[in-house]
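Chemist: Listed below, chain by chain, are the residues.
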Amino acid sequence: MTTSYIRPLAELRRADADEFGGKSANLGDLLSAGIPVPPGFAVGAAGYRAFVEETGLGGTVAAALSRASAGDVRAIGTAAKAIDEAMRFAPLSDSLRAELGRCYEELALATGEERPPVAVRSSALGEDSQEASHAGQQESFLWVRGLEQVCDAVRDCWVSLFSPQAISYRATLGAAGTEPAMGVTIQAMVDAEVSGVMFTCNPVSGDPSMVALNASWGLGIAVVGGEVTPDDYLVSKITREVVRETVSAKHVEYVPDEAGRGTVRRDVPQERRDAPCLGAEALAVLIDVARLVERHFGGHQDIEWAIARGQPLPEALRVLQARPVTTLPDPPPKLSGTALSLVLSTFGAPPQTSEQP
Amino acid sequence: MAAPTKTSSAFPSPYEIATPPGCEGWQEMYPYYAVFDESRREADESRFWFWNSMHFPVPMPAFDVACIDAPYQAVGEWQNRFFAVPPAMGIDYRIVNGYVYISGNPVTDPAKIAERVEYFQHRAGYYFEHWEELYAKWKQKMEALIAEITALPVPDLPEYEPDELMLEDEWNTAFYEILEAYSRTLRCGDLMWQHHFELLLLGYGAYVTFHDFCKTALPDIPDQHIAQMVAGIDVLLFKPSEELRRLAKLAIDSGVDGAFVEGRSPREIDAELEQSAAGRSWLAELERVKDPWFNMATGDGLYHYYRNWYDDPTIPYASIAGHVRALQEGEDVERPSDEIARERERLAEEYGALLDHANRKTFHELLGLSRMVFPYVEEHKFFCDYWFLTRWWNKIREFGALLATHGFLEDSEDIFQLGRHEVATALDELLLTWATGGTPLGPTYWPPIVARRKELLEKLAGWTPPPAIGATPDAITDPMSIMLWGVTTERVQEWANADEGGSQLRGAAAAPGLVEGVARVVIEIEEIAAVRDGDVLVCPITSPAWAPIFSSVKAVVTDIGGVMSHAAIVCREYGLPAVVGTGRATAKIRTGQMIRVDGSNGLVTILDAKE
Chain A
296 MTTSYIRPLA
306 ELRRADADEF
316 GGKSANLGDL
326 LSAGIPVPPG
336 FAVGAAGYRA
346 FVEETGLGGT
356 VAAALSRASA
366 GDVRAIGTAA
376 KAIDEAMRFA
386 PLSDSLRAEL
396 GRCYEELALA
406 TGEERPPVAV
416 RSSALGEDSQ
426 EASHAGQQES
436 FLWVRGLEQV
446 CDAVRDCWVS
456 LFSPQAISYR
466 ATLGAAGTEP
476 AMGVTIQAMV
486 DAEVSGVMFT
496 CNPVSGDPSM
506 VALNASWGLG
516 IAVVGGEVTP
526 DDYLVSKITR
536 EVVRETVSAK
546 HVEYVPDEAG
556 RGTVRRDVPQ
566 ERRDAPCLGA
576 EALAVLIDVA
586 RLVERHFGGH
596 QDIEWAIARG
606 QPLPEALRVL
616 QARPVTTLPD
626 PPPKLSGTAL
636 SLVLSTFGAP
646 PQTSEQP
Chain B
2 MAAPTKTSSA
12 FPSPYEIATP
22 PGCEGWQEMY
32 PYYAVFDESR
42 READESRFWF
52 WNSMHFPVPM
62 PAFDVACIDA
72 PYQAVGEWQN
82 RFFAVPPAMG
92 IDYRIVNGYV
102 YISGNPVTDP
112 AKIAERVEYF
122 QHRAGYYFEH
132 WEELYAKWKQ
142 KMEALIAEIT
152 ALPVPDLPEY
162 EPDELMLEDE
172 WNTAFYEILE
182 AYSRTLRCGD
192 LMWQHHFELL
202 LLGYGAYVTF
212 HDFCKTALPD
222 IPDQHIAQMV
232 AGIDVLLFKP
242 SEELRRLAKL
252 AIDSGVDGAF
262 VEGRSPREID
272 AELEQSAAGR
282 SWLAELERVK
292 DPWFNMATGD
302 GLYHYYRNWY
312 DDPTIPYASI
322 AGHVRALQEG
332 EDVERPSDEI
342 ARERERLAEE
352 YGALLDHANR
362 KTFHELLGLS
372 RMVFPYVEEH
382 KFFCDYWFLT
392 RWWNKIREFG
402 ALLATHGFLE
412 DSEDIFQLGR
422 HEVATALDEL
432 LLTWATGGTP
442 LGPTYWPPIV
452 ARRKELLEKL
462 AGWTPPPAIG
472 ATPDAITDPM
482 SIMLWGVTTE
492 RVQEWANADE
502 GGSQLRGAAA
512 APGLVEGVAR
522 VVIEIEEIAA
532 VRDGDVLVCP
542 ITSPAWAPIF
552 SSVKAVVTDI
562 GGVMSHAAIV
572 CREYGLPAVV
582 GTGRATAKIR
592 TGQMIRVDGS
602 NGLVTILDAK
612 E
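Heads up: the sequence lines are chains A and B, in that order. Under the working numbering, read the first sequence as residues 296 to 652, first letter to last. Under the working numbering, read the second sequence as residues 2 to 612, first letter to last.
The hints are simulated quantities; they were obtained by calculation from the structure and are not laboratory data. Be aware that one or more of the hints could be misleading.
Said to hold, decoys possible - Label-pair distances were calculated between CB atoms; the ranges are:
#1 A/546 with B/505: 21 to 31 Å
#2 B/109 with A/569: 53 to 63 Å
#3 A/566 with B/20: 56 to 66 Å
#4 B/17 with A/546: 48 to 58 Å
Stated by the list, open to error - Residues of chain A placed beyond 10 Å of chain B at every Cβ, according to the derived structure:
#5 305
#6 331
#7 357
#8 421
#9 593
#10 605
#11 632
#12 635
#13 644
Unchecked claim - Negatives, chain B to chain A, calculated, CB over 10 Å:
#14 162
#15 226
#16 250
Heads up, the beta-carbon is just placed ideally off N, CA and C, and yes, glycines get one too.
Could you build the full structure based on these sequences and the hints that come with them?
Modeler: Below is the structure:
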C-alpha cells in the first residue's frame with residue numbers, strides 16, 4: 296500500500312491533531328499514558344481530500360460555497376443542500392474501503408466480536424475542539440456495525456462539514472471559501488451500564504482538590520444532552536471521600552438498539568431510577584483515572600467516561616474523551632503576606648506594609 | 002459589632018422578656034451588675050446579645066457566677082488591656098431568667114484602632130516567636146496551681162486552739178486561716194482563668210487563620226481534613242480515652258471482662274472485680290491510670306455539677322464496657338497513631354502540592370504555626386476546665402461542709418446556692434460567733450434562701466432562652482464571637498429568620514456525613530447514661546469531656562458552637578457528622594424523634610415532626 300489514510304489510535308499523539316483532528320490525537324495521547332481508552336483507528340484529513348478528488352466533488356463544493364455568504368441564511372441553506380445531495384451517496388474509493396476493512400477486521404480480532412459495534416465521530420482538525428463544537432462539526436454515529444455501515448458513517452461525518460451551521464460558522468470567520476477538511480475517529484463502542492462526565496476540579500468553586508462527577512444510567516448521551524438530571528458527586532482527590540452526593544430521579548437511558556445500528560431511548564425501570572448509579576468502588580476507580588488524566592495533560596480536564604456492562608472494575612471503566620477545562624472561576628484572590636501577618640489580620644490588624652519599621 | 006438597627010429587631014428586647022411563672026425575684030441570686038437594669042436600658046436594648054449556651058447551657062447557680070466573672074475579667078484583660086486586639090475590647094454579660102447572654106464591646110474609633118495595632122503586633126509577635134517556651138512555662142504554672150488548690154487546707158474549728166499558736170511564729174488562728182483559705186481559693190480560681198486566656202486568643206487565631214486560608218484556596222476542603230492536618234498525634238486530651246481502651250483490652254486479656262455487664266453501676270462492677278485476684282490486679286492498674294487521667298470532667302467544667310471521673314466514674318466505666326463489647330466482637334478499638342501521623346503528613350503534602358508557589362509557601366507556614374499552637378488549644382481544656390476546676394469545686398465543697406457542720410447549710414452542696422460573696426459573709430458570721438461563743442443567725446437565715454433558689458433553678462430550667470436578644474446587628478465582626486462561638490453574620494440571620502413551626506434547623510456544617518437516627522436530647526450529664534448505640538446526640542454543646550461516648554453515637558447536633566469550637570475539633574477526630582450552632586435544637590427536638598443530620602450542609606431535619 297503506497298498511501299495510507301488510516302492509523303491506529305494508539306499510534307497518535309497530540310502533534311497529529313492537524314492531520315487526524317483533535318479528537319483522534321487526544322485519544323491516542325491518552326492511550327499512550329496508559330489511560331483505558333477503547334481501541335480504534337483514525338482517518339486522516341488526507342482520506343477526505345482523496346475522497347473529494349476521486350469523486351470529483353471538488354468543483355460542486357466550490358461552486359456551492361461561492362454562493363454562500365455570512366448572514367445569508369437562505370443561500371447557506373441552499374449550498375448545504377446541494378453539497379449534501381452530491382456527497383451523501385458518493386462512493387468511497389476502493390483503496391480507502393480496503394483500508395477501513397482491514398482496520399475493522401483488526402478491531403474485530405481485538406474485541407473478539409465478529410462485527411464489533413463502533414462509534415464513528417468527526418474529529419475536527421487542530422487542537423481547539425471548542426471551536427469545532429461551535430462549528431457544528433461534531434457529528435457522531437453510535438453503535439455502527441459492519442463495514443458497510445462504517446463506510447457510510449465516515450462519509451456522513453464528512454458531509455457534516457457542510458451542515459448549514461458549519462458553513463455559516465466558517466463564513467463568519469471569513470473562511471467561507473477555503474477548502475475545509477476533517478478527520479474521523481472509529482472506536483469500539485462501550486455498552487455502558489453507567490456513563491457520565493467528570494471534571495478534575497470543582498468547576499463551580501474552582502477547588503483543585505475535588506473531582507466533580509455527573510453520572511446516569513446507560514450511554515452518555517442522556518447526560519451530555521441534558522435529558523436527565525444526573526447523579527451529582529463531589530469527591531476528594533486526596534482521600535477519595537465523597538464530600539457531596541445528590542442522587543436524582545433518572546427517568547430515561549439510552550441503550551444499543553438490538554435491531555442493529557444506533558441506540559434506543561427507554562424508560563429506566565422504577566427500581567433503578569432513584570438508586571445512586573455510582574458506588575464507592577466505582578468512584579475510587581474514577582478518581583484514580585481523573586488524577587492520571589490530569590497529571591498526563593498537566594491541567595484540569597473535562598472527561599467523558601463509561602462503565603461497561605457486565606465487566607468487573609477497574610477494567611470496566613473506559614475514558615471516551617478528555618478536554619481541557621476552559622471555564623473556571625477566577626482563582627481565589629492571592630492570600631498574600633506572611634503567615635504571621637495573616638494571623639494578625641484575623642484579629643483586625645491590617646497587613647504590615649513595607650513602610651512600617 | 003456593627004451599628005445595630007435600632008427601630009425593629011428580629012429578636013426580643015431583653016427588657017420585654019417575661020419571667021416564668023413562680024420565678025419572680027430570680028434576680029436576687031445574682032450580683033446587681035449582672036442583670037438588665039432599667040438605668041442602662043437605652044444602651045443595652047440597642048446592643049446585640051447572644052445566649053452563651055456553649056458554656057452556660059442551664060440556669061446559673063449563684064456560686065457558679067464566679068465562673069462567669071473571672072473568665073470575662075480574664076478574657077477582657079488579655080484581649081483589651083494586654084494584646085489590645087484592634088477592633089475588640091472585652092465581652093459583657095447579663096443574666097436573663099438564669100441564662101447568660103453576652104455581647105462584645107467593639108472599638109470603632111479608627112485612631113484608637115491604629116493605636117491598638119501597634120501594641121497588638123508587638124505583643125502577639127512576641128508570643129508567636131516564643132510560643133513553645135511560653136507554653137512549657139504555662140504548663141508548669143498550671144501544674145503548680147493544681148497542686149496548690151489540691152493541697153490547700155480548710156481547717157476545722159477547734160474547741161481550743163493548740164499550743165502551736167504560742168510556740169510557732171508562723172501559726173495563725175483558725176478564723177484567720179479559714180478566711181485566708183477561702184480568699185486564696187477564690188484567687189486560685191482567678192489565677193487559673195488568667196492562665197487560661199493567656200494563650201487562648203492567639204492559639205485560636207492561628208488555627209482559624211489556617212482554616213480560613215484553606216477554605217479560600219480550597220473551597221470544598223472538608224473541615225475534617227483541616228483538623229487532621231493540624232491535630233496533634235500525642236494529644237493529652239485523647240490520653241484518657243486511650244487509657245480506657247487499654248484497660249478494656251487488659252480486662253479481656255486477664256479474663257475479667259465478664260464483670261462489665263451492660264447496665265451495671267461502677268460500684269457493682271468493682272464489687273465483682275474485688276472477688277478475684279485478676280480482678281484486684283485490674284483495679285490496681287485502674288488506680289495507677291487515675292492520676293492524672295481521671296481528672297477529666299463529666300461535662301465542660303464551668304458548673305459545679307461537673308465532677309471528675311474520680312468522683313463520678315459513670316463515663317469511664319460505660320466507656321470501658323463499650324470497648325470491652327467492641328473487642329469481644331472483634332472490633333479494633335486502638336487509635337492507630339502511626340496511621341494518623343502518616344495521613345496527617347500525606348494530606349498536608351498533597352493539598353500543598355495543589356496550590357501555586359506563593360500560596361503553597363503560606364499554606365505550609367500557617368500549617369506550621371497552627372501545629373505549634375495546637376497542643377495548647379487541645380490541652381488547656383484538660384489542665385484548666387477539667388483538672389483544675391473539678392478540684393476547685395471540690396475545695397468549695399470543703400467550705401460547704403464546714404458551713405453544714407455548723408448548721409448554716411443543710412448539706413455541703415448547698416454552698417453553690419450562695420454567691421461567692423455571700424459565702425464570705427456566712428463564713429464571717431460563722432467565725433465571728435464561733436470565736437465569741439454567740440448564737441449565729443446563719444442557720445435560720447441561709448436555709449430558706451437556699452431552698453428558694455433551688456426551686457428557682459428547677460423552674461428556670463424549663464424556660465427556653467431565645468438564641469439572641471436585643472438589636473439585630475448588620476454584621477458580626479467581633480473576632481472572638483466568630484472564632485469561639487461560631488456566631489457569624491449568617492448564623493444571626495438564620496436565627497432571625499428562624500421559622501418557629503418548621504421541621505428544619507440550620508447550623509454550621511462542622512463534620513461531614515449524612516445520617517438518620519433517633520434523637521437523644523441530653524441537657525445534663527446525668528442523662529448521658531441513657532444514650533444508646535446509634536443515637537443522634539442532641540445537646541447544648543458537645544463537650545470534649547463526653548468524647549468517650551462518641552464511639553456509640555451516630556451524629557451530633559448542638560445549639561451553639563462554630564466549626565472551631567473546642568468540641569467540634571474533637572467531634573471531627575471521631576469522624577461523626579455534626580451540625581453545630583443550630584440555636585435551638587434542644588428546644589425543638591424531642592428524645593425519640595427520627596432526625597436527619599446533614600453534616601456536610603449544616604442541616605437538621607425532624608422527620609416525624611408530630612409530638
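Chemist: Taking the hints in turn, state whether each one holds.
Modeler: Hints versus structure:
Here the CB-CB span from residue 546 of chain A to residue 505 of chain B is close to 28 Å, well matched to the stated 21 to 31 Å. With their beta carbons about 54 Å apart, residue 109 of chain B and residue 569 of chain A fall inside the hinted range of 53 to 63 Å. Distance hint check: the CB atoms of residue 566 of chain A and residue 20 of chain B are about 58 Å apart, consistent with the given range 56 to 66 Å. Remark: the range hint 48 to 58 Å for residue 17 of chain B to residue 546 of chain A is upheld by a beta-carbon distance near 54 Å.
Residue 305 of chain A, annotated as away from the interface, keeps every beta carbon of chain B farther than 10 Å; the closest lies near 31 Å. Every CB of chain B lies more than 10 Å from the CB of residue 331 of chain A, the least distance being 24 Å, so the non-interface label holds. No Cβ of chain B comes within 10 Å of the Cβ of residue 357 of chain A; the nearest lies about 51 Å off, and the non-interface call holds. Residue-level check passed: residue 421 of chain A sits 29 Å from the nearest beta carbon of chain B, beyond 10 Å.
Here residue 593 of chain A stays apart from chain B, with its beta-carbon at least about 13 Å from theirs, past the 10 Å limit. No Cβ of chain B comes within 10 Å of the Cβ of residue 605 of chain A; the nearest lies about 31 Å off, and the non-interface call holds. With 10 Å as the threshold on Cβ separation, the claim that residue 632 of chain A sits away from chain B is violated: the shortest Cβ distance comes to roughly 8 Å. The Cβ of residue 635 of chain A does not lie farther than 10 Å from every Cβ of chain B; its closest approach is about 6 Å, which violates its non-interface assignment.
The beta carbon of residue 644 of chain A sits about 5 Å from the closest Cβ of chain B, which is not more than 10 Å, so the claim that it is off the interface is violated. Listed as outside the interface, residue 162 of chain B is consistent with that label: its C-beta sits roughly 55 Å from the nearest C-beta of chain A, beyond the 10 Å cut-off. Taking the minimum C-beta to C-beta distance to chain A, about 7 Å, the non-interface status of residue 226 of chain B is violated against the 10 Å cut. With a cut of 10 Å on Cβ distances, residue 250 of chain B stays outside the contact zone with chain A, its closest approach being about 29 Å.
Hints 11, 12, 13 and 15 from the list above are not met by this structure, while the remaining hints are.
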